[in-house]
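Engineer: If you want the building blocks of each chain, they are given just below.
There are 2 protein chains.
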Amino acid sequence: MHTVTIVGLGLIGGSAARDLRRENVATSIIGVDQNPAHAGAALALGLVDEVLPLQEAVEKADVVLLAVPVNAIGALLRPVLDLLPEHATLIDFGSTKSALCGQVRQHPKRGQYVAAHPIAGTENSGPAAALEHLYKGKTNIVCEREASSGEALATAMALFEALGLQTVFMDAETHDKQLAYISHLSHVSSFVLSMTVLDAEKAEKDIFALAGSGFASTVRLAKSSPAMWAPIFEQNSAYLGQAIEEYITILKQFQEHLQSGNTAILYQMMEQANKIRPVLEGKAKTPAL
Amino acid sequence: MHTVTIVGLGLIGGSAARDLRRENVATSIIGVDQNPAHAGAALALGLVDEVLPLQEAVEKADVVLLAVPVNAIGALLRPVLDLLPEHATLIDFGSTKSALCGQVRQHPKRGQYVAAHPIAGTENSGPAAALEHLYKGKTNIVCEREASSGEALATAMALFEALGLQTVFMDAETHDKQLAYISHLSHVSSFVLSMTVLDAEKAEKDIFALAGSGFASTVRLAKSSPAMWAPIFEQNSAYLGQAIEEYITILKQFQEHLQSGNTAILYQMMEQANKIRPVLEGKAKTPAL
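Chains C and S supply the protein sequences, listed in that same order. All residue numbers for the first sequence refer to the UniProt record's numbering, where the first residue is 1 and numbers rise by one. All residue numbers for the second sequence refer to the UniProt record's numbering, where the first residue is 1 and numbers rise by one.
Do not take every clue at face value.
Note that identical chains are pooled: a pair holds if it fits in a single copy or bridges any two copies.
[Said to hold, decoys possible] In the DSS-like style, the derived pairs of lysine-lysine whose C-alpha atoms are separated by at most 27 angstroms in a straight line are:
id: 1; residue 1: Lys138; residue 2: Lys205
id: 2; residue 1: Lys202; residue 2: Lys252
id: 3; residue 1: Lys202; residue 2: Lys275
id: 4; residue 1: Lys136; residue 2: Lys205
id: 5; residue 1: Lys109; residue 2: Lys252
Because the hints were derived from the structure by calculation, they are not lab data.
Let the hints inform the model, and build the full structure from the sequences given.
Structural biologist: See the structure below:
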């Protein structure tokens, strides 16, 4: 892949740019970003060689990587496929997969597209948040593998490998359902925890002086970008709604046992929850753990 | 303080022992633990000089530190005060304060007692989890300061200082209310997140293969000890129940806007939640952040 065009020069696209350059996978990296400040910062940071308008950047590309929020991917997927040179490959890094795959299922160039989702990120955003090795050792999910051509898949796999990703294959519905529980629900619980404590702080001044590392860890994801997450929640509202429902159900059970003084049952619930320990210890992945 | 007796040789008591010894604050440290395995491990690890039965250990002490779960502190507070030598000081490190302070309000030796809560800990427990510098730079809350004698308070402050704690003063009700939001609710949200995803995993095999650092951070507190937390929840059930109620209310709002496709309002809610960022950045305290 001589020329890689990255659309979206934030944490996700910028981090990919850093690694692709270091690994000499791309001889040239073209950036596209509708935010001129981000485009300028990406140039200044050396993430990309040049910034071009979308059409020109796609037409020059061997690989196009879409690293924008999932609503923007939804808006770009068909027009970019339309413009994509015959030999080139289109990859997206969106956190939802079902709606996106559905959009281009009948597209004549569907074979040139690889639907991917690397499970990587931080709560920060923008080109300055881009990190080398963000993807190293992380899981990458490719959906509807059978709809991608062998050539596109081989190109994409070479790029994933250069990033250090470990790729698994899954259908798009299963992806969205599982991510609702293992990722999107964590974000909701964290956003809502933040709102609850910020509300409490209005009445209870200086409450944050009492915050320990446990609160900081639990609420960390509440720093995440609404521009990224609102479209993910929207696209995955059915599965996420189900996950939130189940979460509320268990919270209410906890609440009932708390209020009726049923400490023995609270104890059992926590013992149940403790079973997450070996799961997490098998997966120590990032410094953020 | 020549002899410090530490009752409870787990993470909290063991970590205090390490620091008090290093700082030469205690010439002798006596341990008490009803679990013989913990007592043996604490001796083997050099956390304490000797292990004695409670009565003997209290009678020999210049300072007694209660570092056991809050239900056990509740059971020990009066008998230990009864046994406490006239010159000695009793300190507890329990995470709730109102019920404990209430128990001894009329005790003739109330002045010898200092009710404290250092906001420090990890999700691990037992003597092997004890860490040097666990308390360094952390906030310590002393409740009902005016009920402690000047002498007891001075002794306690010297001990807190040796641990590197920064002490603030607060009434016990305010403490319990604020901790319900800033600490206990985080634990509940994390325990329940763990239970929800473990439940989902029964239907969706291999879901944990998709876990990223965000999930790990949000669910970390679900590894916490039920033996420690069940009594905290029980003692703080009124304020914690109120906090959980408010958390569920905001979750339901989020859920409603999600299901009615009100993405603009979800966006606003997340922007609201983002206000936690400067709060957390002002308080980067531990490597676990």
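Engineer: Against this structure, judge whether each hint is valid.
Structural biologist: For each hint, the structure was consulted:
1. Lys138 to Lys205: between (41 angstroms within a copy, 19 angstroms between copies)
2. Lys202 to Lys252: both (25 angstroms within a copy, 21 angstroms between copies)
3. Lys202 to Lys275: So Lys202 and Lys275 pass the 27 angstroms test across copies only (13 angstroms; inside, 36 angstroms).
4. Lys136 to Lys205: between (42 angstroms within a copy, 24 angstroms between copies)
5. Lys109 to Lys252: Neither: 49 angstroms inside a copy, 42 angstroms across copies.
When each numbered hint is compared with the structure, a violation occurs for hint 5 only.
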